[in-house]
Structures are given as C-alpha cells and as structure tokens.
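*Asks:* Chains as they are written, first to last, in my numbering: chain A, 1 to 279; chain B, 1001 to 1184.
Since the hints were made in silico from the structure, they are not lab data. Hints may contain errors.
Part of the chain A face toward chain B, derived, beta carbon under 7 angstroms [said to hold, decoys possible]:
#, residue
1, E33
2, I63
3, C66
4, L106
5, G242
Taking CB as the label site, the calculated pair distances span [as the list claims (entries may be wrong)]:
#, chain 1, residue 1, chain 2, residue 2, range
6, A, G134, B, E1139, 23 to 31 angstroms
7, B, K1006, A, P159, 53 to 61 angstroms
8, A, M156, B, Y1084, 25 to 33 angstroms
Backbone N, C-alpha and C fix where the C-beta goes; we use that ideal spot for every residue, glycine too.
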Amino acid sequence: MREINVQEVTAAVKQAAMTANFELGADMLRALEKGAREEESPAGQEVFRQLLENARIAREKRIPICQDCGLTVVFAELGQEVHLVGGDFNEAIQEGVRQGYQAGYLRKSLCHPLTRKNTGDNTPAVIYTTIVPGDQLKLMVVPKGGGSENMSRVFMLRPAAGLAGIKEKVVETVRDAGANPCPPTIIGVGIGGTFEQAALLAKKALLREVGSQHPDPELAALEQELLTMINNLGIGPQGLGGRFTSLAVHINLMPCHIASLPVAVNVQCHASRHQEVVL
Amino acid sequence: MSKTVKLTTPLNDQQITGLRIGDKVLLSGVIYTARDAAHKRLIDLLNAGQELPIEIQGQVMYYVGPSPARPGQAIGAAGPTTSYRMDPYTPQLLARGLKAMIGKGKRSPEVIDAMIKYRAVYLGATGGAGALISQAIKEAQVLAYEDLGPEAIHRLVVEDFPTIVINDCQGHDLYEEGVKKYAR
Ligand code: SF4
Chain A
1 MREINVQEVT AAVKQAAMTA NFELGADMLR ALEKGAREEE SPAGQEVFRQ LLENARIARE
61 KRIPICQDCG LTVVFAELGQ EVHLVGGDFN EAIQEGVRQG YQAGYLRKSL CHPLTRKNTG
121 DNTPAVIYTT IVPGDQLKLM VVPKGGGSEN MSRVFMLRPA AGLAGIKEKV VETVRDAGAN
181 PCPPTIIGVG IGGTFEQAAL LAKKALLREV GSQHPDPELA ALEQELLTMI NNLGIGPQGL
241 GGRFTSLAVH INLMPCHIAS LPVAVNVQCH ASRHQEVVL
Chain B
1001 MSKTVKLTTP LNDQQITGLR IGDKVLLSGV IYTARDAAHK RLIDLLNAGQ ELPIEIQGQV
1061 MYYVGPSPAR PGQAIGAAGP TTSYRMDPYT PQLLARGLKA MIGKGKRSPE VIDAMIKYRA
1121 VYLGATGGAG ALISQAIKEA QVLAYEDLGP EAIHRLVVED FPTIVINDCQ GHDLYEEGVK
1181 KYAR
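Extracted from the complex, chain A is given alone in its bound form (with noise of 0.2 angstroms):
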C-alpha cells in the first residue's frame, strides 16, 4: 500500500492546466509543421505559418494557446495498491482546476446551464476515474474547447448500416461542421459499447499520440480511409479551402449489444490540449 495525500493531486492538476494551455503537444507540433509544408491553398499555408507562431508566442510567454480555455476533463487512473489521504479526491481535483485557472489567468468558461451565470472559477471539472492495477495514480488533464465539443455527435445506428454507414456519418458530422471547430482538426471516433460508453470512448481516442498507427491493422487502414474521405471535402485549414480538413482519425472500439451499433464523433480542434502526470 502507497499513500498518496490529496494534496499532491491538487497541486498536480492545477500545474497540468496551465501547462496544458500554453504547451501545445509535440506530435501537434509536427503535425502542424507537415501541415504547413504539404498544404496547397495558399490561405491554408498562412493558417499553419499562424498557428505554429501562436504556439510558440504561448510557450514562450505564458499566453495561453486558445482564449477558449475549456471545461477541463481529468481522467484519472488510480492503482488499487493507492491509498489516498489527507481528504476528498475529487474535490481535490476541483481545487487544482479552481487554482490553475486563477494562477495561469486562463478564462473560466463554464455556467449554469439555465441562467448562464459563469461559475467563476471553471468548477466543476469532469471527472472519470478508473481503478487500474499498481501504486500509481495517473492524471491526464484535458481542457476541451467549447466550439469543436459543439459540433461532436451520437448515432444510434442500426446494426445493418455496418460499415457503411459509420463511415457516413463520420464524413457527415466534419462536413456539417465546416469551419466551426477551428480545423484543421484531429477526429475521435468511438464504435460499440453503450450510447454513453461510446461518445467516451471518442473522447479518449483523441488523447493517442496524433501521427501514431492504430494496433490493429484493419482499424488503422480504417482511420486512412476516413482521413482521406475527409481531407477529400476541401474545407481545409478554418475552412478556407485546402487539402487538410483534419490531421488524423482516431478509432476506438468495443463490442456492443446485438440490437445496437452506437457510433460517437468527437471533433477536437488544432487545440488540443492534454497533459499527463503521475503520482
């Protein structure tokens, strides 16, 4: 048994916010950088050229990447040999988001849904927690921005639509999103698993190493195809026209009830921004 105190977690995540939105990734970075050297339209070349100096102006003086700063989504995995103490995990984690966002001048996004009135502080941060074997607690911090997070979608699809229809929507939901989540963008897709279940694992496809090779070779010939179908409808960098529209198709899958074949899309824009820590 490790005893971890909370309150390492709260000064963990806080310093993981602020990295997160002034470090953009360093796959990001070279996805950006073939970006700007393959792009043919020439209003897609200026977007890379800006993009690669806005992340470098942020790194360097602590701007952060997007205004947008997020709602935060900390995954977390905690070894079953952790014993937590010195108080409540999560609140804990609301604390680091609470302190970040204050310290890191990052902008606090969140509201009552109904009235609208900002929180003030960014809480309450969404929360997933699993239980892995291990001593470790393992915290990703993902600020996700709300115009990409916008255009993401569900689809309850019958099992017949197969293949077919998967790729449909995926090509469907970037299309209808057009220039709205700041492409060019990196696509999360979640197959099988529950409604819930599958817009998750969307969401965790984006957190893989943009520029790595699925596992499996049929997915991975899978997540080409799409890049292709996608990079195909020209929308191109902000929309503007030109050959990327995304920089990557990220797949997860599970199986999923006979009578179901979900399907979520989760849109991430070029600020994608996550940072990992371990405890």
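Add chain B with the ligand to chain A, keeping to what the hints say.
*Replies:* Okay, now just chain B with the ligand, sitting in the frame of chain A:
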C-alpha cells in the same frame, strides 16, 4: 488574385467595395468587441428607440471573449469566437452603418444579404490563434456592460490585426468557393 490590404478604422464604403474574398486585411485603429449577450443589449436599445453606447457608423466589431490579461499586458489570448450566434442581431447593426465584423464560421443568408445591401464585409481571423492575435492588440478598455465580464464591450486599439475576407459586399463567400476549389 487575392491581395494584402492595410486598413485603418473607421472604414468607408469605398474601402469596403474594393475588397474581395481571399484578400488579406491587416487592420489598425479602434475596434469594438461584442458577443451574444452584448449584442442582445444593443438590439434591445435599438428596438426601444434609444441611443447606443458606441457609434456604429463605419466601425468594426470583433466577436471575442478574451482570457484575462496578466499584469502589464493589454489583454490575454484573444482569438475569434463562432459568429453564427450573433447572426440574429447583425442585420440591424449593419443597417446602422457597421462596416466589418471579425469572427469565425459561416454567416446566415440574412447577414450575407445585409452585407450586400449596406456594403459591409465579414473578416475571418484564425480561430484558436489567441496568443498570436493578442500581440496585435495594443490597448483594451471596457466600454460598456462591465457586468458581462469577458463578454463586456471592449474598445481595442489594434495594429496590423491579421484577417482574411470571407464575405465581400458582392455576395461572394470564401467558405463556399474555397471549399469547392479543393473538394475531390
Ligand atoms: S474550437 Fe478550439 S481552437 Fe477554436 S476557439 Fe474553440 S477551443 Fe479555440
């Protein structure tokens, strides 16, 4: 062929009619920020026949809800927000002489028609380039509706703010035409 144009606010009809979709516009001078909540209040005033807190004629409105400024900085990250939420309010402001709007994403047919009728343009700024755009903003002051926080109307002084013409006053739409060109 698209061109790069430097413009200083306030804008007149002649400057607007010279712009075409795809032109890069580097904007300098005073511009105003407003999101949906501020738009609603402006339109409520107009409908009640009252004066607006800002002169709209010849002006530029930027759809943005910036992140807080660090001490010593004019503003935090300040990229555009999605424009369609402002569509229901926009034609009335265009009728009052608003000459340009900066945002991201498609506008409604009503807004596009009003841009043609009243000679105005819609400029796109790069969504998610909040840190980059903040460097073009030299001053920021709350001008009205302070209670709306980041959604208050701010008066910004900008220098070479980078934008691209999405809708010109001839009715062209870069989102439509650009996409057509690259679709396969
Ligand atoms: S969609 Fe992403 S990049 Fe665009 S404004 Fe929202 S958070 Fe920023």
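*Asks:* Each of the hints needs a verdict: does it hold here or not?
*Replies:* Going down the list of hints, with the structure as the test:
{"no.": "1", "hint": "E33", "result": "violated, 16 angstroms"}
{"no.": "2", "hint": "I63", "result": "holds, 4 angstroms"}
{"no.": "3", "hint": "C66", "result": "holds, 5 angstroms"}
{"no.": "4", "hint": "L106", "result": "holds, 6 angstroms"}
{"no.": "5", "hint": "G242", "result": "holds, 5 angstroms"}
{"no.": "6", "hint": "A:G134 / B:E1139: 23 to 31 angstroms", "result": "violated, 53 angstroms"}
{"no.": "7", "hint": "B:K1006 / A:P159: 53 to 61 angstroms", "result": "holds, 58 angstroms"}
{"no.": "8", "hint": "A:M156 / B:Y1084: 25 to 33 angstroms", "result": "holds, 27 angstroms"}
Hint violations for this structure: numbers 1 and 6, all remaining hints satisfied.
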